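Colleague: The chain contents come next:
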Amino acid sequence: MATKVHMEALSPTMEEGRLVKWAKHEGDPVKSGDTLAEVETDKAVMELVARADGQLLKVMVAEGATVPVGNVVAWIGKPGEKVDGAGSQESGAGAAKPAPAAAAPKATPAPAPAPVPTATAPTPAPVSAPADATRVKASPLAKRIAKDAGVDLKLVQGSGPGGRVIKRDVEGGVAQAQAAATPAPSSRLPTPSGAPYEDIPLTQIRKTIAKRLAASIGPIPHFFLTTEIDMERAAEARDALNRQLGEAGGKISFNDIIIKAVALALVQHRACNAWFQEDHIRYWNEVHIGMAVAIEDGLITPVIRNADLKSLREIGAEARELAARARNRRLKPEEYTGATFSVSNLGMFDIDQFTAVINPPEAGIVAIGSIVPKAVPDGDRVVVRRRLRLTMSCDHRVIDGATGAAFLKTLKQMLENPLAMLL
Amino acid sequence: MASSFDVVILGGGPAGYVCAIRCAQLGLTTAVVEQDKLGGVCVNIGCIPTKALLHSAYIANLVKESKDFGVEVANVTTDYGVAMKRSRRVSDQNSKGVEFLMKKHKITVIKGTGVVQPGKKVKVGSDVHDAKKAVVIATGSRVKGIPQIGLEINKATVISSDEALLLERVPDSLAIVGAGAVGMEFADIFQAFGVKITLIEALPRILPIEDAESSDVLAKSYRKRGIEVIAGAKVTKAIVGKDKVTLDVEAGGEKKQVVVGAVLMAAGRAVNTQNIGLKECGIQLTDGGFIKVDKNLQTTAPGYYAIGDVAGPPMLAHKGFREGSVVAEIIAGQKPHPIKYDNVPSVTYCHPEVASIGLTEDQCKEKKLDYVAGKFPFSANGRARGTGETEGFVKILRDKKYGEILGAHIVGAHASEMIHELAVARENEYTVEEIDLAIHAHPTMSEAIGEAALDSLGRVLHI
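In order, the protein sequences belong to chains A and B.
Quick note on numbering: the first sequence equals residues 1 to 423 in my numbering.
Quick note on numbering: the second sequence equals residues 1001 to 1463 in my numbering.
SDA-like cross-link-like pairs, simulated, lysine to any residue; straight-line CA separation at most 25 Å:
1) B:Lys-1234 x B:Arg-1142
2) A:Lys-310 x A:Leu-241
3) A:Lys-143 x B:Leu-1369
4) A:Lys-167 x B:Asp-1342
5) B:Lys-1144 x B:Lys-1196
6) B:Lys-1335 x A:Gly-162
7) A:Lys-21 x A:Glu-47
8) B:Lys-1155 x B:Thr-1273
9) A:Lys-167 x B:Asp-1362
10) B:Lys-1096 x B:Met-1315
11) A:Lys-137 x B:Asp-1399
12) A:Lys-167 x B:Glu-1427
13) A:Lys-409 x A:Gly-150
14) B:Lys-1295 x A:Pro-161
15) B:Lys-1220 x B:Gly-1232
16) A:Lys-147 x B:Lys-1400
17) B:Lys-1368 x A:Glu-171
18) B:Lys-1133 x B:Leu-1028
19) A:Lys-167 x B:Lys-1368
20) A:Lys-251 x A:Ile-300
21) A:Lys-207 x A:Glu-171
22) B:Lys-1133 x B:Thr-1113
23) B:Lys-1335 x A:Glu-278
24) B:Lys-1368 x A:Asp-148
25) B:Lys-1340 x B:Glu-1417
26) B:Lys-1400 x A:Gly-150
27) B:Lys-1335 x A:Asp-199
28) A:Lys-167 x B:Gln-1334
29) B:Lys-1340 x A:Ser-159
30) B:Lys-1367 x A:Asp-148
31) A:Lys-251 x A:Leu-423
32) B:Lys-1067 x B:Thr-1078
33) B:Lys-1256 x B:Thr-1236
34) B:Lys-1401 x A:Gly-150
35) B:Lys-1367 x B:Gly-1180
36) A:Lys-143 x B:Glu-1433
37) A:Lys-143 x B:His-1337
38) A:Lys-143 x B:Tyr-1402
If you are wondering where the hints come from, they were derived from the structure by calculation, not from laboratory data.
Note that this is a predicted model, so its numbers are computed, not measured.
Isolated chain A (complex conformation) (with noise of 0.2 Å):
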């Protein structure tokens, strides 16, 4: 008797599966465990497996259709066999259950390493899991130390014989790992070789990320990430370090807060501080902030090198400078390449918000609008306060929404509570 093909679950949460492509075709020979479809679920582009052998008799559904989990999506049988060519009918949403589990040994794959979902981009494009992006190689040692140190296994480039993870894999990856996966803000991460960077070679799972998003957006697949931030207490900081500075000059303004404010912010999240190349991703253990300026025919974005290790006034004093002399056409090719971030401003333009483009390799960038009073609740009061509204674009090839996400509200932190930036 020829045997039915039903959709899967392919991920915990699949309710429907659309019907990408079919990999076999009416009359193909096919073993168990064949590829027999490509199915896009809720989270990711599984592959539908063959549970029986024969020849793909009948397909009973169309690419690019939707269907049910349970539905009947093809038959295998005996070449020549008569199916039901009802089966698609038979069912009005899920009637027909998709083969018990313990007949279906394959049926639930872990869940799929789905791209993060990000706060505006639409719905985000499918990324199609290779089986070895789900299942994970890697020795019970470097398990262990993965899991104590909060290491994600199928972030990590694998050593051992087919590409399993081992200890040595896992170790040298810990502190980079750590950084890449982890979005919850974290201390400054020590820089084990003491190297300015560190390239971590691109996981299948980066990889594909980073073809279907760039495939599906442009050569830089970018989403945003916009936040409002109170900036009363930067305001008040700011009026009274100026204060003190006196006539001493050397005012510091909101833009030099916002630069060192992110480049803290940055130390504290590694996976944003970094460049995509391709086949690596490399992460700056050094932060150097780009700072947009703009210039009679265009735009330059001179370098605020190692940022978070500047004062407000050595920040403030260098951007002053940087930016008077690129608007002189007198600035070096090194003050102007090698940012690891970047900041774009357009506050005094009296832009509320905007987006700005990432510069590459750079794989993020806040674009800062002005500060303007607005009427905010307070308890059951409304107050005016002083406000800015910030976007990060992220390059998602590199960064993750909810990476980003951690990032800026790191950021909101220190700009909220100036006081934050000294811890």
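Use these hints to put chain B onto chain A, whose structure you have.
Modeller: For chain B alone, kept in the frame of chain A given last:
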């Protein structure tokens, strides 16, 4: 007659012949240059004949105790000459086996002494052979004496393992200088054949590279059998006579004179790096006298590789085997799995056997590692009690945090066979918990490994 091969290998010992087989498997035309018998020291005057003799010793000891097992053997006599001849047959069989393997893989065996020449050439006699892809140096090592203290090998009263393996008759008494694997094994052999043995080790304990507890068990066992064990000893003077040797030995502040029929030098080996053209090819040596190699076992001259004893310690056949096969794969353009030198098992086939892998407990302490030692004695193991082989233990050093097996030490009957469970575990980075999860058959000696793993977790069952 000169000819051309993809790979020419100097030396047909374990490293060389395995390299040749692997090269042939990978489709490379291969020649092995060997001046003596195929199989090298291991097959002819090392691992293999000593294992044959050790089994003779085991049988001798067994029949002496067989009365307790209800088997009485009257008039037990031993004849080293017979045992020796049997060991020679075993060696010859193995050497012929290697010859067969060379034929099977269509490997050319060139008899003679090879000298490497620039331009990837190897000269044997008047013939010069071209190596199109690589020259592999696997010339091995040889025994050495200690001429500084008057103990130069004279092959009569001062002998090396080479001569010991060919003795027709044993001396009445024998001093063995060096209690590493070789000294330990010969002490075991000759004691069983009725020789009065004095075992002298310069370092503070016998089997100095093994765990201190392993050394202790062996010292105790040997002393019980009547072997005199002097560790931390210095031979200050040696007078070599025609049929006796007098050694002045200083140990623990005490001076002692040892008069024996012969001395067996079992302290160290010298590598065969002389007169094989290394310098002319730009092949450099390390400070220790080994051929300097990079992580791909390539020497300082591109296209020339070194494997086995000449390439550095540990000087063990199985380390040479692996290097031979890895180098063949590198030459063939593959990317072999790198050798983990800290995962080469070490085995001494004395009775009881000693086998280990990884760190000793003292090394764990030196490295200030946070470890737990799990230990299980064979005296608590049913199988060991049944065979009366209750000497020894299994000790597993577990990293406290992750359960990594930092080191493992087995002393006992069949330790050499049992260590591989731990070799597999370490190579695959299993932790002690995976050792425990593997079900060990009952009753076996190997159960002690599972129990030692459990002991390291504080859950030992049978003690």
